Amino acid sequence: MLPTYASPIERLWFWSFRIFCVLILIFLVSPLLVIVPLSFSADTFLLYPIKSFSLRWYEEFFGNGVWLTALKNSFIVAPAATLLATTLGTLAAVGLTSSDFPGKSVLMSVLISPMVVPVVIVGVGAYLFFAPLGLSNSYFALILVHTALGVPFVVITVSATLRGFNANLIRASASLGANPITTYRRIVLPLIAPGVISGALFAFATSFDEVVVTLFLAGPEQTTLPRQMFGGIKENISPAIAAAATVLILFSIALLLTLEWLRGRAEKTRTSAA
Amino acid sequence: MSQTLTENAPLTAADGELLTVKLAREHRNKQLKAVALVAPLAIFLLLTFLVPIFMLLGRSVDNPEVVTHLPATSQLIASWDRRALPSEEVFQAMARDLTAAKEAKTVPEVAKRLNMDISGFRSLIQKTARKMPLELAAGESMRDRFIQMDERWGDPDHWHVIAKNAKSWTPYYLYSSLDLRETKAGTPELAPEEERAFISIFGRTLWISFWVTVFCLLLGYPLAYWLANLPARKSNLLMILVLLPFWTSVLVRVASWIVLLQREGLINSALMNLGIIGEPLQLAFNRVGVYIAMVHILLPFVILPAYSVMKSIPPTYMRAAISLGDHPFAAFWKIYFPQTVAGVAAGALLVFIMCIGYYITPALLGSPEEQMVSYYVAFYTNVTINWGMAAALGSLLLIATMTLYGLYSKLVGANKLSLG
Numbered sequence: 001m002l003p004t005y006a007s008p009i010e011r012l013w014f015w016s017f018r019i020f021c022v023l024i025l026i027f028l029v030s031p032l033l034v035i036v037p038l039s040f041s042a043d044t045f046l047l048y049p050i051k052s053f054s055l056r057w058y059e060e061f062f063g064n065g066v067w068l069t070a071l072k073n074s075f076i077v078a079p080a081a082t083l084l085a086t087t088l089g090t091l092a093a094v095g096l097t098s099s100d101f102p103g104k105s106v107l108m109s110v111l112i113s114p115m116v117v118p119v120v121i122v123g124v125g126a127y128l129f130f131a132p133l134g135l136s137n138s139y140f141a142l143i144l145v146h147t148a149l150g151v152p153f154v155v156i157t158v159s160a161t162l163r164g165f166n167a168n169l170i171r172a173s174a175s176l177g178a179n180p181i182t183t184y185r186r187i188v189l190p191l192i193a194p195g196v197i198s199g200a201l202f203a204f205a206t207s208f209d210e211v212v213v214t215l216f217l218a219g220p221e222q223t224t225l226p227r228q229m230f231g232g233i234k235e236n237i238s239p240a241i242a243a244a245a246t247v248l249i250l251f252s253i254a255l256l257l258t259l260e261w262l263r264g265r266a267e268k269t270r271t272s273a274a
Numbered sequence: 001m002s003q004t005l006t007e008n009a010p011l012t013a014a015d016g017e018l019l020t021v022k023l024a025r026e027h028r029n030k031q032l033k034a035v036a037l038v039a040p041l042a043i044f045l046l047l048t049f050l051v052p053i054f055m056l057l058g059r060s061v062d063n064p065e066v067v068t069h070l071p072a073t074s075q076l077i078a079s080w081d082r083r084a085l086p087s088e089e090v091f092q093a094m095a096r097d098l099t100a101a102k103e104a105k106t107v108p109e110v111a112k113r114l115n116m117d118i119s120g121f122r123s124l125i126q127k128t129a130r131k132m133p134l135e136l137a138a139g140e141s142m143r144d145r146f147i148q149m150d151e152r153w154g155d156p157d158h159w160h161v162i163a164k165n166a167k168s169w170t171p172y173y174l175y176s177s178l179d180l181r182e183t184k185a186g187t188p189e190l191a192p193e194e195e196r197a198f199i200s201i202f203g204r205t206l207w208i209s210f211w212v213t214v215f216c217l218l219l220g221y222p223l224a225y226w227l228a229n230l231p232a233r234k235s236n237l238l239m240i241l242v243l244l245p246f247w248t249s250v251l252v253r254v255a256s257w258i259v260l261l262q263r264e265g266l267i268n269s270a271l272m273n274l275g276i277i278g279e280p281l282q283l284a285f286n287r288v289g290v291y292i293a294m295v296h297i298l299l300p301f302v303i304l305p306a307y308s309v310m311k312s313i314p315p316t317y318m319r320a321a322i323s324l325g326d327h328p329f330a331a332f333w334k335i336y337f338p339q340t341v342a343g344v345a346a347g348a349l350l351v352f353i354m355c356i357g358y359y360i361t362p363a364l365l366g367s368p369e370e371q372m373v374s375y376y377v378a379f380y381t382n383v384t385i386n387w388g389m390a391a392a393l394g395s396l397l398l399i400a401t402m403t404l405y406g407l408y409s410k411l412v413g414a415n416k417l418s419l420g
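These protein sequences, in sequence, are chains A and D.
Okay, so the first sequence: first residue is 1 according to the working numbering, each after it adds one.
Okay, so the second sequence: first residue is 1 according to the working numbering, each after it adds one.
Extracted from the complex, chain D is given alone in its bound form (with noise of 0.2 Å):
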């Protein structure tokens, strides 16, 4: 060997190069080749996924019917004192801006839009907008002139509301998707009792899913602790019939649901041919229907975690501890059911995090008592087609699912995440 080590010499790779030198470079060019290998799919997910998710967040507080079809409006309008009727300027403008939307044909978007606020405003705007343009006399004020026309042109609460709207963007949404209203001074404060909906829908959604998750735990764990205790030939066998049921599709178990709970149906002719009732039980398009077929569902996603994690505790423990004098049960609780809590509850978050985005089940077996969150935010969309409510709904039910799964994220991590 020609070459000593020397005491403190830099270490240097066959090119002389420093050794550390190399390694760090090796280090980066490894992360850029993965941060490459990533960057496809990151791109295509922003593309098809994220951004049109935050168009959605976007169109939860977007206003834009009054500002694009009454400009003139609304931009006099803000520096109006909000105690008497606005200046004649305001009024002029708003008889040019109607004048501009008769002929663009924007009228209904405008006035849909104020009706949300007060009821009446859409036939008030419809009405004044169809006897656009407007001679005046003369010495006659365009205020006296559309007073004359409609008094409530008179009501300051009615120019409140352009005002308000007014604005490229509003809380309306949400504030409704809260069962809340803005008040003049623009805080919130909770709708009258008769107007209230959504804060029953939410704690619906929640309710719903909380039982859900409890049966899926109640029946998936003891089930889960057979099959993992059973010879591994009979489990294996044993675990089709789970894993039939969750690789079918979602439909066909509805259908299937039906056929079974319906009126007519299996169940309620057997318990009437054994005589146990008299009457056929409403089972189906109601909570129980969907229940049932929720449960169904979602039964897989507590087993399959449940048994993986089971599979894995030693069957030593429990004898060791039942050798030692603990009674069955007492081991099973001390010493068993402690180490497979943190898998369990990991299966549990998962499937109430599905549970509150669940839209089909309901709505092909509930009643109208029974829809959850997503059926309104499909309602609004298709029905009513009001992005604004539909994406408030939307944007508050992503806000609870995303709470949830950070911490799913945070117990479990996501890379911790595996299936079957």
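One chain only, chain A, in its complex shape (with noise of 0.2 Å):
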């Protein structure tokens, strides 16, 4: 807060300073409040001012057999790709931070690094790969290649979680005579769970979310939701899309509310076991 005795070029400063920020949470935000209105217009094109609202749009988008598909690829890929994801990558987290052993940190690197590889290398990659054998355009080969980029932010978060650990706890329980399995699911689970469903969180949106694998992966029968919303842009691009971006933006605030309840969870189990 501003003093009162602030000068006029302190106060200037103060507030110009914070209108800026404003603007910058406007710039962040406004995207998605623009498209959602548009998503009920009657019109034909993404225009305002909206002259008529209606349904129509989402009655496209619902009860068109090409979105409808996509949406039910979606649900196919994503999930199927995040519990790959988060068992591969919370067992890998687990033993990273379990114990050091040679080679652990270029290890950790290459565990990351389908985060940073530009997604078309990893596509044509793939394609290259997975064409030969028979596995293009099958939900299998796309299922495998979503994990692979879902893996990094997994084995990230739970990482983190686990640092976080006091490793007394199992030592406590052990001493107490809890066996190790019964240890790992009343005292360990139940700590770093909030890691690993955040970690699963964020390879389900980056599955869902995943356009360019899709691209060359994926035929027409795999189809996903962003991958028939890139090709909407690009040829004419109708409200159909933005009742589309309508429901993928509520899933995403869902996506955003567990995080943020996950994170408030984690922070009282954290100092409540401290």
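I should point out that these hints are in silico values taken from the structure, not numbers from a laboratory.
A hint or two may mislead.
Covered stretches of chain A (in silico footprint by chain D; criterion: 3 or more residues with CB under 8 Å from a CB of chain D, positions within the stretch not fixed) [unchecked claim]:
#1 26-32
#2 43-57
Mimicking BS3-like on lysine-lysine, the simulated pairs with C-alpha atoms at most 25 Å apart in a straight line are [stated by the list, open to error]:
#3 D/Lys-184 x A/Lys-104
#4 A/Lys-268 x D/Lys-184
#5 D/Lys-184 x D/Lys-167
#6 D/Lys-33 x A/Lys-104
These numbers were taken from a predicted model, which means no experiment stands behind them.
Backbone N, C-alpha and C define an ideal beta-carbon position, used for all residues, glycine too.
The two chains are supplied separately, each in an independent frame; assemble them into the complex guided by the hints.
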């Protein structure tokens, strides 16, 4: 807060800085606010002002085979990739934080690398690899590559949670007579669960938002929601895209709220455990 | 106690084993367990991620066409002195190879490959192959017959190209990706000016990425500072405005930016209604649109790490500096800023690394002038089906990314990476 004795220049600086920051926040959210109302427009173009409202684009979205198939495919590929990435990533994170072994930091860099390698390279490489095996245009290959792209997030979040984990809790549990499995189930898992779940959410969002690999690896039958949107934006941008976007924004709000709730819970468990 | 501790007696465990041995074993077991836990993921990534990428890298030097489809010629031309025309045997081998290729329908592949080095080679090969097999008159040489058919067969340059490609690998694609070409002596030289393209595409990629990173810093740093110094309740609430776009699909955001920036879009109509401009501005499908959308997408990657670094700086430091007589700006510059540099630089480097691989945003919001290296990798894969060029450009892009990522790991440590 500005003290009462602030000079006019300080006042000016204070307020212009504030306005600048608020403008950046507006810049960040405005695209999301702009597209939602357009999905309720009766017009065939994505233009303001909206003359009359209708739900026709939602009918188009939920009634049209193409969009529904895309939605269904996204809900096949993303959960499968998330499950696989979370399982493999959590195991690896436990291994990486439990002990030091030669080459660990290099290995860690390799496990994180899918996050930084340009997706086009991943997509073309995956096509080169899977096509001769007859696996391009298959859910299988798409799920595997989406898993690879999601893994770094799980490794990062779970490792971070494990580093904050007090190993004495395991010893305490063991000294009180619990066997390793009970200890893992009753002590370790509840404490790292927020990390695991937030890693899983990141992996889910990665797959759910992935276009480029899908572009190379998926056939028409595996078209996902982002792939369908990509085609739509490229060819004819209609309010059906705004409807799809609104559905996706609602979805990201749900993801974000879950994540924030988890963060709050983790904080509570940590402070009550400490 | 029946056992007394004597001096220098080695410590033993309850079962009489040496404690050091037991500890070492325990340590090794723990290491093995750790490796066993990491192994499934490592193997998984090797098969689904690393092997495909190495296959792509291999494609950038792969040169199978001539060796596979003109095998006899490839073998014989290796011993050619590269001055005069090749010997009669080479011409005869070429006739045999082309006859076989015509039957196997592989002529177009060879023709396409040779045409990359000399344009017009495609039609020469196809025309010659159509005439196969040749019946020679008595005493006529295959060489004369070829030259009679098309005098380009009498030109050593064309044979040079065949000889150059009679190896199963070639630097051709990598050279082309750097606007170089191979001289007859085998050394690289800069291609003529009108044929150069890729250096400027790489330059453009780095240039766009640089400016996106700079804009992200200019917008992200102040916002992170403001949020970090607000009361927790308020900053958590405002943080949602940063996180929500971060979690929203990139395609949704690109679509929204098109709505906002297009000719009849919201920004143009607002500015026209306010009378600030008379003509709509060109904001989308050019550099401006690409910058705006990319900064919007990548801004959280600067804000989030900067915010977490700034949160960890006690506000008392600044207060101390000001109470000791520093001007607030000087205090900020000397006390606060240096503590944030490492964290913010790491975020900026990550933004830059992600930028140089961008494909979707420029593809949807840019004109051909904004397309970056990734676009051309996709272009050569999908449109012209030139795997060599796609792989070579991809390899160079990958090398650039990995160099920066190595730097990033050194500076930050990959294990210290955190999300939000």
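Going through the hints against the structure:
Interface restraint, the region 26-32 of chain A with chain D: holds (6 residues with C-beta to C-beta distance below 8 Å; minimum three). Restraint check on the region 43-57 of chain A versus chain D: 3 residues with Cβ-Cβ distances below 8 Å, three needed, restraint holds. At most 25 Å may separate the alpha-carbon atoms for a hinted pair to count; D/Lys-184 and A/Lys-104 exceed this at roughly 47 Å. Restraint check: the Cα-Cα separation between A/Lys-268 and D/Lys-184 comes to about 72 Å, which exceeds 25 Å; the hinted pair is violated.
For the hint pairing D/Lys-184 with D/Lys-167, the CA-to-CA distance comes to about 15 Å; that is within 25 Å, so the pair holds. For the hint linking D/Lys-33 to A/Lys-104, the alpha-carbon distance of about 14 Å falls within 25 Å, and the restraint holds.
Checked against the numbered hints listed earlier, the structure breaks hints 3 and 4; every other hint is satisfied.
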